[in-house]
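In case you want the letters, here they are:
Protein chains: 2
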Amino acid sequence: MLVQTYVDMLSAKSVIRNLSEYAVARGKEIGYDNVFDYTLGNPSVPVPDAVNQTMIELLSTKSSMELHGYSQSLGIPEVRVKVAASLNRRFGMNYTMDHIFMTSGAAGAIAHALRLVTVPGDEVLTFAPFFPEYNPYVNLTGAVLKVVPADVKSFQINFEAFESMINEKTMAVMVNTPNNPSGICYSTNTIEKLSNILTEKSKQYGHVIYLISDEPYREIVFEGVDAPYVSKFYDHTISCYSFSKSLSLPGERIGYVAINPKCEGADKMAVMCGQISRGIGHNCPASLIQLAVAENLDLTADMSVYERNMNILYDELTDLGFECVKPGGTFYIFPKALEDDAIAFCEKAKRYDFIGVPSDSFGCPGHFRLAYCISTEKVERSLEALRRFVREMY
Amino acid sequence: MLVQTYVDMLSAKSVIRNLSEYAVARGKEIGYDNVFDYTLGNPSVPVPDAVNQTMIELLSTKSSMELHGYSQSLGIPEVRVKVAASLNRRFGMNYTMDHIFMTSGAAGAIAHALRLVTVPGDEVLTFAPFFPEYNPYVNLTGAVLKVVPADVKSFQINFEAFESMINEKTMAVMVNTPNNPSGICYSTNTIEKLSNILTEKSKQYGHVIYLISDEPYREIVFEGVDAPYVSKFYDHTISCYSFSKSLSLPGERIGYVAINPKCEGADKMAVMCGQISRGIGHNCPASLIQLAVAENLDLTADMSVYERNMNILYDELTDLGFECVKPGGTFYIFPKALEDDAIAFCEKAKRYDFIGVPSDSFGCPGHFRLAYCISTEKVERSLEALRRFVREMY
Chain A
2 MLVQTYVDML SAKSVIRNLS EYAVARGKEI GYDNVFDYTL GNPSVPVPDA VNQTMIELLS
62 TKSSMELHGY SQSLGIPEVR VKVAASLNRR FGMNYTMDHI FMTSGAAGAI AHALRLVTVP
122 GDEVLTFAPF FPEYNPYVNL TGAVLKVVPA DVKSFQINFE AFESMINEKT MAVMVNTPNN
182 PSGICYSTNT IEKLSNILTE KSKQYGHVIY LISDEPYREI VFEGVDAPYV SKFYDHTISC
242 YSFSKSLSLP GERIGYVAIN PKCEGADKMA VMCGQISRGI GHNCPASLIQ LAVAENLDLT
302 ADMSVYERNM NILYDELTDL GFECVKPGGT FYIFPKALED DAIAFCEKAK RYDFIGVPSD
362 SFGCPGHFRL AYCISTEKVE RSLEALRRFV REMY
Chain B
2 MLVQTYVDML SAKSVIRNLS EYAVARGKEI GYDNVFDYTL GNPSVPVPDA VNQTMIELLS
62 TKSSMELHGY SQSLGIPEVR VKVAASLNRR FGMNYTMDHI FMTSGAAGAI AHALRLVTVP
122 GDEVLTFAPF FPEYNPYVNL TGAVLKVVPA DVKSFQINFE AFESMINEKT MAVMVNTPNN
182 PSGICYSTNT IEKLSNILTE KSKQYGHVIY LISDEPYREI VFEGVDAPYV SKFYDHTISC
242 YSFSKSLSLP GERIGYVAIN PKCEGADKMA VMCGQISRGI GHNCPASLIQ LAVAENLDLT
302 ADMSVYERNM NILYDELTDL GFECVKPGGT FYIFPKALED DAIAFCEKAK RYDFIGVPSD
362 SFGCPGHFRL AYCISTEKVE RSLEALRRFV REMY
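Chains as they are written, first to last, in the numbering used here: chain A, 2 to 395; chain B, 2 to 395.
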């Protein structure tokens with residue numbers, strides 16, 4: 002018999018995926034250039050040339066056994082050393098290779114982090130608005146994801162709601178800053194306050210509450226924005242990183258877990274990840290990709306387009322009367338819709354070939370997400386459609 | 002709190018790993034050339050040049066977005082089409098892309114296959130001798146692995162023991178042919194008999210018993226050996242493949258699940274794998290590697306060295322009086338030790354710098370495994386050490 006859990010999931014099709022498929026289909030009718038497709042968070046800038054060149058160099062010079070042989074299940078040792086050094090240099094941390102576990106992207110990192118510190122029945126808290134994949138990430142481990150309602154004024158943390166929801170079954174809290182879908186970076190003040198509550202509640206409940214910090218957008222922070230390194234503020238932090246966005250190579254599936262050296266159990270956690278891998282069939286990201294990113298750790302793709310696009314959209318949206326918190330990073334913006342029903346709002350926008358994603362699946366109704374990882378030229382052309390839509394419909 | 006399951010696993014160090022580390026350490030004392038290290042199943046022949054050339058070509062010509070962008074979670078569609086076509090051409094099957102799910106190696110494939118058809122508490126049967134990683138692969142899903150004792154005369158299947166162990170909780174049977182550690186290929190006769198029993202028992206228990214066929218050694222079959230394609234003989238077969246051995250790139254983590262089109266639920270299983278991935282953080286193998294193997298599906302590394310090494314070892318072992326079933330493929334041989342305690346036997350062999358792995362963890366005591374994926378020159382030099390060991394110790 003097929004396992005019913007997964008059969009049941011087949012009928013719940015992703016809203017984002019549906020809209021993205023609609024945009025592509027519509028593009029076949031009127032030309033994709035004329036569809037203002039803000040649905041998908043797929044990096045639009047090329048991988049830095051240096052990364053491709055590193056791979057070509059490796060393929061041309063390294064021996065087959067050295068390059069394509071089994072890597073250790075925690076990742077290639079020299080790669081882990083370099084990742085630790087880069088984090089220490091950039092964020093003033095004290096990681097060693099023993100705190101780094103290489104993964105197939107942030108999804109792989111989170112899969113390990115959750116299994117390190119939760120068992121079925123435990124609760125994991127996260128904050129709306131949130132990346133909807135957290136639902137299967139957490140719930141399919143047997144733990145239960147609980148979502149703290151948003152602070153819609155700032156998209157920082159709604160601490161009142163958080164304190165009412167945290168309880169003795171809470172084993173981990175997940176944060177995502179810079180945030181998908183709001184584009185907001187949690188401020189130093191927010192993270193300090195979060196850290197204080199976690200410390201106090203850990204003491205109260207007699208067990209550490211771990212902070213799982215999902216950071217695929219860490220390198221996409223706009224001019225002058227306060228976007229601190231989360232792990233600096235709370236010892237029991239497990240950082241989950243992906244190079245997908247910073248190096249524009251989401252298909253290559255490469256990231257890591259970085260365990261704060263002061264975390265309870267820090268000395269065991271990377272090797273435990275190696276054991277977790279045996280159960281979930283992870284067994285390392287590809288050697289070639291590990292070696293290639295290790296040579297380019299301080300590099301990012303040219304991501305200036307994202308800030309440029311954000312400013313154009315933010316100015317236009319506020320001019321048109323949208324309530325909108327200005328993003329501090331990522332390539333998302335999350336304005337309030339012009340009616341309570343964001344699904345109806347986005348349906349109407351579709352008539353103008355302006356395709357955004359209604360916010361319901363992000364745990365924060367009444368808003369919509371625009372993923373502006375598209376060309377600036379297209380963003381500019383989209384404004385007229387947006388204006389017409391607002392003028393004619395509201 | 003750290004999750005105890007994984008903490009407990011840290012103390013149980015792999016026998017193979019320990020012996021391999023011993024061999025490397027000993028190599029530092031006397032020169033690794035003088036250590037006859039038969040511990041690890043790490044392919045010793047280089048990746049075919051064409052594979053590296055394909056990657057260089059892709060890196061030099063494809064657009065960044067096309068090459069490094071997100072692939073669909075089931076794998077890159079054109080890759081799945083090509084994998085299906087290659088299997089159909091070589092094994093007379095009728096796969097379409099809808100039956101193919103790309104994975105990070107065989108471990109990733111098995112992780113999905115198990116979750117398709119078992120829930121916690123279900124039983125999975127496999128046959129000794131067996132790859133010890135099946136223990137964490139199965140048991141960490143919550144299902145329970147049961148091992149059918151070996152038929153030590155042939156290392157085919159001990160059907161009497163199998164029929165006594167199969168029961169209404171058996172949801173899947175795992176086979177590994179060509180087999181690690183025995184090197185044996187299940188014959189047409191064995192697979193037909195297995196298929197008949199599974200069909201009969203499925204009917205008796207009122208649910209399909211799936212056959213999970215783990216086939217990383219499928220392309221390493223020696224001259225004249227009967228090594229049929231398992232899925233041809235039983236409709237409810239999920240084949241799990243890895244390119245690690247056939248293309249000598251175990252570090253690149255690439256393989257697939259191939260679902261027999263007549264399998265119960267065949268139309269749903271690949272998309273269900275996509276859902277399973279969300280829970281275990283899989284999300285596809287690396288795009289570059291997917292595209293590279295798709296261009297080289299009918300190619301293998303030059304694996305003639307394995308058969309040459311096998312013949313040399315088999316002749317010498319039988320000359321020395323070892324009971325030994327002649328391998329039909331892989332790069333393993335699995336002779337009976339010269340005393341009942343294989344661990345003691347292998348300890349004694351270490352004094353001659355002849356390092357094999359005792360069979361206890363393979364579920365078949367009293368034997369030892371030699372992984373002869375090393376140079377023929379070294380195999381030949383090892384014979385004198387083997388002879389001295391046997392002469393002086395037994």
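These are computed hints drawn from the structure, not numbers from a lab.
There may be inaccurate statements among the hints.
Where chains are identical, the list cannot tell them apart; a pair therefore holds if satisfied intra-copy or between any two copies.
As the list claims (entries may be wrong) - Computed list of lysine to aspartate or glutamate pairs in EDC-like fashion (alpha-carbon distance at most 20 angstroms, straight line):
1) K63 - D303
2) K29 - E296
3) K14 - D99
4) K83 - E169
5) K269 - D9
6) K349 - E58
7) K204 - E193
8) K194 - E58
9) K337 - E124
10) K29 - E67
11) K14 - D268
On a predicted model such as this, the values are computed, not experimentally measured, just so you know.
Each hint, compared with the structure:
{"no.": "1", "hint": "K63 - D303", "verdict": "between (29 angstroms within a copy, 19 angstroms between copies)"}
{"no.": "2", "hint": "K29 - E296", "verdict": "neither (40 angstroms within a copy, 29 angstroms between copies)"}
{"no.": "3", "hint": "K14 - D99", "verdict": "between (40 angstroms within a copy, 18 angstroms between copies)"}
{"no.": "4", "hint": "K83 - E169", "verdict": "neither (38 angstroms within a copy, 52 angstroms between copies)"}
{"no.": "5", "hint": "K269 - D9", "verdict": "between (37 angstroms within a copy, 11 angstroms between copies)"}
{"no.": "6", "hint": "K349 - E58", "verdict": "neither (51 angstroms within a copy, 45 angstroms between copies)"}
{"no.": "7", "hint": "K204 - E193", "verdict": "within (17 angstroms within a copy, 62 angstroms between copies)"}
{"no.": "8", "hint": "K194 - E58", "verdict": "neither (47 angstroms within a copy, 51 angstroms between copies)"}
{"no.": "9", "hint": "K337 - E124", "verdict": "neither (30 angstroms within a copy, 51 angstroms between copies)"}
{"no.": "10", "hint": "K29 - E67", "verdict": "between (46 angstroms within a copy, 19 angstroms between copies)"}
{"no.": "11", "hint": "K14 - D268", "verdict": "between (41 angstroms within a copy, 17 angstroms between copies)"}
In summary, the structure is inconsistent with hints 2, 4, 6, 8, 9 from the numbered list given earlier, while agreeing with the others.
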